[in-house]
Amino acid sequence: MKLAPAICCLPLCLLTSGCFEHREAPERLVSAKGMAEAYARRETVQQVDLCGAELDQLPRELAQMPRLRRLLLRGARVAGFEALGDLSNLSMLDLSAMQLTAAPVALAGLGSLTQLYLADNGLTTLPEELARLAALEYLNLDRNRLAVLPDALGSLTNLRWIRLNQNELTS
Numbered sequence: 128m129k130l131a132p133a134i135c136c137l138p139l140c141l142l143t144s145g146c147f148e149h150r151e152a153p154e155r156l157v158s159a160k161g162m163a164e165a166y167a168r169r170e171t172v173q174q175v176d177l178c179g180a181e182l183d184q185l186p187r188e189l190a191q192m193p194r195l196r197r198l199l200l201r202g203a204r205v206a207g208f209e210a211l212g213d214l215s216n217l218s219m220l221d222l223s224a225m226q227l228t229a230a231p232v233a234l235a236g237l238g239s240l241t242q243l244y245l246a247d248n249g250l251t252t253l254p255e256e257l258a259r260l261a262a263l264e265y266l267n268l269d270r271n272r273l274a275v276l277p278d279a280l281g282s283l284t285n286l287r288w289i290r291l292n293q294n295e296l297t298s
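When we follow this note's numbering, the leftmost residue of the sequence shown carries the number 128, and every step to the right adds one.
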């Protein structure tokens, strides 16, 4: 089946809703308040949206969602990222606008990650461990305080897009 070009530009969550035998799409959780519901559907959840949530830690239950591919944390306040390393199937992670001053070390374990959003934070450096993200294709670092980029980014052979607008790059 071939999709019309205009449809191909729609976000994945719009394309998939209504495409299941159930009345509601089981793959999407839309709020932190629905974490219990998402856990009950953990075998089918593909996207968790915790944007704006205030969490001491990322929920450990996320690691028990085998189909989880997209984790949205934009604007969330998260004190600990230990559970992030257990999400090896993630393909997209949004850590934008979280007031981060350093990228979480646990990112290094996300070998399937193809899209990483770190925009609108206070990052001044990036860890060399980002070189372990071999599948990474898109990296958004807009509006941070980066002055230099690590040489390790050069080893990311799949990286096709890197956004660096409004940083403090000197070379």
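Everything labelled a hint here was simulated from the structure, so no lab data went into it. There could be a bad hint or two in this list.
Said to hold, decoys possible - Computed Cβ-Cβ distance ranges for the label pairs, DEER-style:
(1) Gln191 x Thr297: 40 to 50 Å
(2) Arg272 x Glu164: 36 to 46 Å
(3) Gly236 x Asp183: 15 to 25 Å
(4) Arg168 x Ala274: 40 to 50 Å
(5) Tyr166 x Ala258: 27 to 37 Å
(6) Thr297 x Ser215: 27 to 37 Å
Heads up, the beta-carbon is just placed ideally off N, CA and C, and yes, glycines get one too.
Taking the earlier hints as the rules, which of them does this structure contradict? none
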